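**Student:** Next come the chains, spelled out residue by residue.
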Amino acid sequence: MSFSSQISDFWNQYGTLLVSNTGVTLYMVFVSTLVAYVIGIPMGIGLVVTAPNGLCSNKVLYRILDTITNIVRSIPFLILLILIMPLTKKIVGVTFGSTATIVPLVVSAAPFIARMVESSLLEVDKGVIEAAQSMGASNFTIVFKVMITEARTSLIIGVTIALATILGYSAMAGSVGGGGLGDVAIQYGYYRYKTEVMIITVVLLVVLVQVMQAFGMWLGHKLDRRSIH
Amino acid sequence: MQDNNLTNGNNKVNGEEPIIRLEHVSKIFSSKEQDVEALSDISLDIEKGDIFGIIGMSGAGKSTLVRCLNFLERPTSGDVFIEGRSLSAMSTKELRKERVEISMIFQNFNLLMQRNVIDNVCFPMEINKVDRKVARKKAERLLEEVGLLEKAKMYPSQLSGGQKQRVAIARALANDPKVLLCDEATSALDPKTTKEVLELLKDINQKHGITIVIITHAMNVVQEICNKVAIIDHGKLAETGNVLDVFANPKSDAALKLMLNQGAGTVARMKGGKLIRIVFTKNSSYEPVVANMVLKFLSPVNIMRADTRDIGGTAQGQMVLQLPEDEELSLQMIDFLKEHGLEVQILSSMADFEKYEGEE
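Protein sequence lines, in the order shown, are assigned to chains S and G.
Here the working numbering is used: the first residue of the first sequence is 1, the next is one more, and so on.
Here the working numbering is used: the first residue of the second sequence is 1, the next is one more, and so on.
Hints are computed from structural coordinates only; laboratory data are not their basis.
Quick caveat, the model's predicted, so the values are computed rather than measured.
Please note: incorrect hints may appear among the correct ones.
[Said to hold, decoys possible] Chain G residues, not near chain S, derived (Cβ > 12 Å throughout): (1) 37; (2) 40; (3) 147; (4) 298; (5) 332.
[Claimed, not checked] In silico lysine to any residue, SDA-like type, Cα no more than 25 Å apart, as pairs: (6) G/178 / S/130; (7) S/126 / G/48; (8) G/48 / G/191; (9) G/153 / S/18.
Idealized CB from N, CA, C, for every residue including glycine.
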């Protein structure tokens with residue numbers, strides 16, 4: 001059997017499976033990243049503004065946010081996945097499949113994203129914030145028109161890191177029937193000894209991470225006005 | 001310096017309320033380990049139209065002081081009044097509104113790096129909810145005034161330090177403020193650019209009638225454009241008055257220290273002789289006084305420090321001389337200098353002079 005017919009055989013057998021599961025993976029990753037950002041951005045902003053020396057520092061609120069973030073971040077994803085199954089069931093109705101995986105992905109990623117947003121916003125020059133204050137800017141204006149715009153590049157790079165991390169988690173979720181490429185790798189590569197399927201899924205995962213990373217970096221730097229000369 | 005009177009005279013009506021009044025302002029920074037008193041009981045009036053210099057060595061508390069003028073730092077005690085309105089009595093919202101009228105420029109410019117020049121100038125107007133089109137028109141006019149209209153679409157990273165400060169000045173003027181606070185605004189610039197920026201500030205003071213407060217550690221900045229000066233030393237107000245008076249006749253140690261601190265280098269010195277500081281003012285004559293003195297008394301003096309410049313045809317500035325050891329002769333020399341219209345101060349000792357110079 002020639003090499004090309006081997007490939008076409010492989011494609012006939014697994015092509016649809018791989019393509020559809022790549023789609024499932026992308027669905028899980030993008031939806032959970034999006035939802036996690038919806039939660040993580042306000043949390044990150046909250047951490048920055050309530051911190052000591054923040055715009056409206058509030059010890060109690062900061063402690064609460066800080067503690068929640070740390071606790072959730074220190075639970076390994078696989079354990080979290082099982083731990084919050086009752087919650088998942090309540091929200092999605094089932095505890096398996098790609099949509100159900102989104103719940104633990106979001107819970108796990110949101111505090112991680114909050115930390116990244118926090119560190120991006122803290123990078124913004126204190127002098128620029130002070131300048132805005134001296135102009136009579138409200139805290140709302142400072143957060144949304146100064147901090148977020150000035151931290152744009154760092155925030156975008158943060159998104160690419162978040163996407164790659166969530167992609168990794170989503171593959172892990174495959175081990176407990178979460179769907180997507182990770183699921184394929186386990187089902188075929190591990191339980192049915194189809195090593196070539198496993199390898200191809202790994203290659204696909206690597207390519208996905210590379211593409212996302214490269215695009216994010218490109219976009220971040222393209223939008224960065226500090227690097228024009 | 002020669003047009004300071006003009007500046008002042010134009011805008012000032014006698015008996016008018018000072019535009020900024022500080023009453024017993026103190027600021028204490030508390031931490032677990034210790035309390036640091038950054039400002040201690042400072043009372044000061046700044047009149048409308050003044051270019052008011054606040055000068056002190058680094059760490060004297062002047063940056064804290066300027067931040068108290070717009071309540072970026074809230075004084076621990078005391079109050080600040082803007083045209084008679086108490087800042088401490090204002091709500092956060094009222095304070096924000098007040099700040100629109102008190103703009104500020106900084107040592108590090110603090111421009112928004114992700115916005116281009118014209119959008120930076122528009123930013124304060126955005127905060128003040130000025131119509132976009134109106135704001136843009138005004139920004140263009142301001143950029144023209146600071147000579148940067150052709151850079152409107154560029155980003156701050158593409159500009160030089162002096163250009164960035166010009167953009168910051170245009171931005172500071174956007175909401176037609178009454179007061180412009182300058183926090184070490186020229187400290188990051190080279191001497192030539194410093195001069196240009198100071199010229200621009202002087203222009204603005206005259207054209208827009210804006211009161212300018214300049215925080216600096218450099219006496220020459222104060223001499224260049226200020227009409228009034230306050231000297232801050234270790235958080236306290238050491239001395240305040242007209243620049244010419246304070247320069248010619250400093251009453252505080254801190255003031256004298258600042259005068260002698262500028263210029264560089266030490267010179268070989270004679271043993272034991274009296275040290276004097278002489279100040280050339282507008283009243284000083286055209287003749288070379290020091291040379292004539294040496295010729296008359298046929299005794300050399302040691303010039304320890306000379307820092308004079310030609311302003312309007314007369315030499316203005318200061319010199320530190322070491323007179324001969326002979327007590328009688330040195331007193332005669334001092335009289336000679338006084339007769340020729342110079343201000344003379346006797347520095348108490350050599351150790352004093354050494355203490356003053358070379359310190360930063």
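**Student:** Now tell me if each hint is right for this structure.
**Tutor:** Cross-check of the supplied hints:
no.: 1; hint: 37; verdict: holds (20 Å)
no.: 2; hint: 40; verdict: holds (24 Å)
no.: 3; hint: 147; verdict: holds (21 Å)
no.: 4; hint: 298; verdict: holds (59 Å)
no.: 5; hint: 332; verdict: holds (56 Å)
no.: 6; hint: G/178 / S/130; verdict: holds (19 Å)
no.: 7; hint: S/126 / G/48; verdict: violated (31 Å)
no.: 8; hint: G/48 / G/191; verdict: violated (28 Å)
no.: 9; hint: G/153 / S/18; verdict: violated (49 Å)
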